[in-house]
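2 protein chains.
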Amino acid sequence: MQIEIICTGDEVLTGKIVNTNFSYITQKLEDVGLGVRWGTTIGDDRETLLAAFLHAAERADAVIVNGGLGPTVDDLSQEIAARAAGVELVLSEDWLGRMEEFFRRRSRVMSPNNKKQAMLPATAEILDNPIGTACGFAMDIGQARFFFTPGVPRELRRMLEEQIIPRLLARSGAPTAIRLKRFHSYGLGESHVDALLAGVEELVSDGSAKLGFRAHYPQIETKVTVRGANDDDIARKLSPVIAEIRKRLGNFILAEDDDTLEGVILDRLAATQGSLAVVEMYTSGLIASRLAPLPGAEAVFRRGLVSRDLGEIQAALGPAAGADAEVTKEAAENVAKAMRRASRASHALAVLIDLDEGPDRIDFGGTICIGIATEGETESRRSRILGGREWVRLGAVELGLDCLRRFLFGLPVAERIDFERN
Amino acid sequence: MQIEIICTGDEVLTGKIVNTNFSYITQKLEDVGLGVRWGTTIGDDRETLLAAFLHAAERADAVIVNGGLGPTVDDLSQEIAARAAGVELVLSEDWLGRMEEFFRRRSRVMSPNNKKQAMLPATAEILDNPIGTACGFAMDIGQARFFFTPGVPRELRRMLEEQIIPRLLARSGAPTAIRLKRFHSYGLGESHVDALLAGVEELVSDGSAKLGFRAHYPQIETKVTVRGANDDDIARKLSPVIAEIRKRLGNFILAEDDDTLEGVILDRLAATQGSLAVVEMYTSGLIASRLAPLPGAEAVFRRGLVSRDLGEIQAALGPAAGADAEVTKEAAENVAKAMRRASRASHALAVLIDLDEGPDRIDFGGTICIGIATEGETESRRSRILGGREWVRLGAVELGLDCLRRFLFGLPVAERIDFERN
Numbered sequence: 243m244q245i246e247i248i249c250t251g252d253e254v255l256t257g258k259i260v261n262t263n264f265s266y267i268t269q270k271l272e273d274v275g276l277g278v279r280w281g282t283t284i285g286d287d288r289e290t291l292l293a294a295f296l297h298a299a300e301r302a303d304a305v306i307v308n309g310g311l312g313p314t315v316d317d318l319s320q321e322i323a324a325r326a327a328g329v330e331l332v333l334s335e336d337w338l339g340r341m342e343e344f345f346r347r348r349s350r351v352m353s354p355n356n357k358k359q360a361m362l363p364a365t366a367e368i369l370d371n372p373i374g375t376a377c378g379f380a381m382d383i384g385q386a387r388f389f390f391t392p393g394v395p396r397e398l399r400r401m402l403e404e405q406i407i408p409r410l411l412a413r414s415g416a417p418t419a420i421r422l423k424r425f426h427s428y429g430l431g432e433s434h435v436d437a438l439l440a441g442v443e444e445l446v447s448d449g450s451a452k453l454g455f456r457a458h459y460p461q462i463e464t465k466v467t468v469r470g471a472n473d474d475d476i477a478r479k480l481s482p483v484i485a486e487i488r489k490r491l492g493n494f495i496l497a498e499d500d501d502t503l504e505g506v507i508l509d510r511l512a513a514t515q516g517s518l519a520v521v522e523m524y525t526s527g528l529i530a531s532r533l534a535p536l537p538g539a540e541a542v543f544r545r546g547l548v549s550r551d552l553g554e555i556q557a558a559l560g561p562a563a564g565a566d567a568e569v570t571k572e573a574a575e576n577v578a579k580a581m582r583r584a585s586r587a588s589h590a591l592a593v594l595i596d597l598d599e600g601p602d603r604i605d606f607g608g609t610i611c612i613g614i615a616t617e618g619e620t621e622s623r624r625s626r627i628l629g630g631r632e633w634v635r636l637g638a639v640e641l642g643l644d645c646l647r648r649f650l651f652g653l654p655v656a657e658r659i660d661f662e663r664n
Numbered sequence: 243m244q245i246e247i248i249c250t251g252d253e254v255l256t257g258k259i260v261n262t263n264f265s266y267i268t269q270k271l272e273d274v275g276l277g278v279r280w281g282t283t284i285g286d287d288r289e290t291l292l293a294a295f296l297h298a299a300e301r302a303d304a305v306i307v308n309g310g311l312g313p314t315v316d317d318l319s320q321e322i323a324a325r326a327a328g329v330e331l332v333l334s335e336d337w338l339g340r341m342e343e344f345f346r347r348r349s350r351v352m353s354p355n356n357k358k359q360a361m362l363p364a365t366a367e368i369l370d371n372p373i374g375t376a377c378g379f380a381m382d383i384g385q386a387r388f389f390f391t392p393g394v395p396r397e398l399r400r401m402l403e404e405q406i407i408p409r410l411l412a413r414s415g416a417p418t419a420i421r422l423k424r425f426h427s428y429g430l431g432e433s434h435v436d437a438l439l440a441g442v443e444e445l446v447s448d449g450s451a452k453l454g455f456r457a458h459y460p461q462i463e464t465k466v467t468v469r470g471a472n473d474d475d476i477a478r479k480l481s482p483v484i485a486e487i488r489k490r491l492g493n494f495i496l497a498e499d500d501d502t503l504e505g506v507i508l509d510r511l512a513a514t515q516g517s518l519a520v521v522e523m524y525t526s527g528l529i530a531s532r533l534a535p536l537p538g539a540e541a542v543f544r545r546g547l548v549s550r551d552l553g554e555i556q557a558a559l560g561p562a563a564g565a566d567a568e569v570t571k572e573a574a575e576n577v578a579k580a581m582r583r584a585s586r587a588s589h590a591l592a593v594l595i596d597l598d599e600g601p602d603r604i605d606f607g608g609t610i611c612i613g614i615a616t617e618g619e620t621e622s623r624r625s626r627i628l629g630g631r632e633w634v635r636l637g638a639v640e641l642g643l644d645c646l647r648r649f650l651f652g653l654p655v656a657e658r659i660d661f662e663r664n
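Residue numbers (my numbering), protein chains in the order written: chain A, 243 to 664; chain B, 243 to 664.
Hints are supplied without guarantee of correctness; some may be wrong.
For identical chains, the list gives no copy identity; a pair is met inside one copy or between any two copies.
[What the hints assert, rightly or not] When the alpha-carbon atoms are kept at most 30 Å apart in a straight line, the in silico DSBU-like pairs for lysine-lysine are as follows:
(1) Lys465 <-> Lys270
(2) Lys258 <-> Lys452
(3) Lys258 <-> Lys270
(4) Lys258 <-> Lys571
(5) Lys479 <-> Lys258
(6) Lys489 <-> Lys258
(7) Lys258 <-> Lys423
Calculated directly from the structure, the hints in this document are not laboratory data.
Computed from a predicted model, the values in this text were never measured in an experiment.
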């Protein structure tokens, strides 16, 4: 099935906003095994919209149009859809009623121009939007089925998932029962993960398992989709694949599905009535900002201390923090121990960095020393990361959090990662 | 002049990476008064590429193609460009020599498949890429001039600015001398800024001044472009516009051009041999992470303290921090004073937040109390922001930094902003 996406709107076309809806849609379709072949971005202009709709109507089997369903004069999707299909715009009493209800529930008055949002092409099938006033709809133009979606990301996301993907899967003829399983890892590069997982797809003999990756430094996401006749069939096929991926990526898997590294750490600490204090140098608060704002973190995240200067950290924590002049594993352990005592947290993490001198450049690096302390234990590791100031900083945030995860789960803290140099 | 952009690559098409190059290109063109009419996104597939090139060649005067110039087999731009124009691919000895030099300077060996990057359509004009091995080039296909650019963002950016925009401006027939002036503000919504600046364009009587906005919450960027016969002409026209914008937006302008809020604060502190300590609650390290990693900040940013709990902050700072049980202006002042003394910094900023209870929602809010202390002075303000957990957090970061900027420059710290509620 040939699928195209048309993103509309002057703000997207002129770069006022970065078009994250496009990558969201294509990714979600990829996740269920539907490939997108062509993307078009155009402004709020009648002739251009019409040309884009007609082009896509000739080439594609299905077209997702994003944007242009709002109440203002530059929202043109319904009008041009009707023109492209050669049908009239008709007031949908159904949608008008839902909009009136929408405003009533929020004790707001519907402005007259909202009525425009209920004017739909005569042949349109409504796609429900339970969280907004923009009416999604589907209709045929030329040989293609068009799906019109709102530009507001959360409305688009819900409509895509609940309304559009099931319809696309039904049209594609592929088994519509499909499941996506995701693994998040840190410390292995994409090609390394790819190599480690060679042959995993073949564990499902009918070819219905598909493996994919998405790198967002420093993490790699590994995705597996499996299709089947029904949920039981899928669960049966997926089970050995999941077991094998867990075995091969082992300690490097930091979370699965919607879980996150910081969420896993927080949950583990909460489950053991633990608490955490953090000392940061060049990561400068990014570690704290991953953990501390999470719901529930107020009971776990006790305290964070940030300074670019080791002496200042020692001054803040008092004599127990030691007087090491250099960033070393020992210095990191001493700082973590002192922070734990000062904050009365069950765990303390210190991420110290000795940054290279000179201007930013591709081989600019930093030496990272991580210390973890509990009442009875300390742990540390040293690592060197190259790749520019921001690369080092982001790498150190992830390394620090991942060392803490490993410590909390009893895994080796100092396992070698692909990103470090000697 | 009709301009189109074609972005190529499976990673962009499948949403593996968000296409920031597209918005970068269109924005840069908008900044010099060149509008883009049509954007196309396609994968690394010969037939699709050819179709996209031929479509654009019929419709447009100029086309910028991004990606597909690399050394691997899925990099197809040169090959398909040659096919679309009906010319041969020819080895460019010129570019091959430059590539060899590129590798020599970096003491690296050029792999044989890099040679592919020097195979160019026979009619191509080289567009220099001083920082990479992908050769940019320009050529005619159909009625349009095509500009082929690398997918690596920093290579694209430099080529666009130095090679392509001057050529496009020359082709457009518009006066090629143009200047972009930017103002960054915080505290006024986009429509408010727009209303405040009504009529400013008309200060340039020949219509060569153009105003635009870009909102990236919580900041708004105001852009003015002016065209002219030469630099003097532009400077003469721009001067009253700049003066008027500064007057109308006044204290809300936090920085101009490439300057940033955090950079302005850092520079001001550095210029007065000042130093800074920060206390954060729900912003959780984001304020520290804006300031502390900047080059030069090691001499200015002294210490940051993060905790979700006011009592914990007071415990960390000792009796001088007071014993206020609630987040108030007084509590913020007390905390700032104690932090300043503990860190021996010249300035301390405390951003305390009393967050609403319950699940995240659109009217979820927080009450923000900001305290600033120097040896002889204290200042504070209270503000309430609604809009969900992340919205409150990002708003509080900006509000805290902006209050500090205002304090450092002797401006009123408590001026009302559009984002706050009572």
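Indices of hints not satisfied (ascending): The structure breaks only hint 4.
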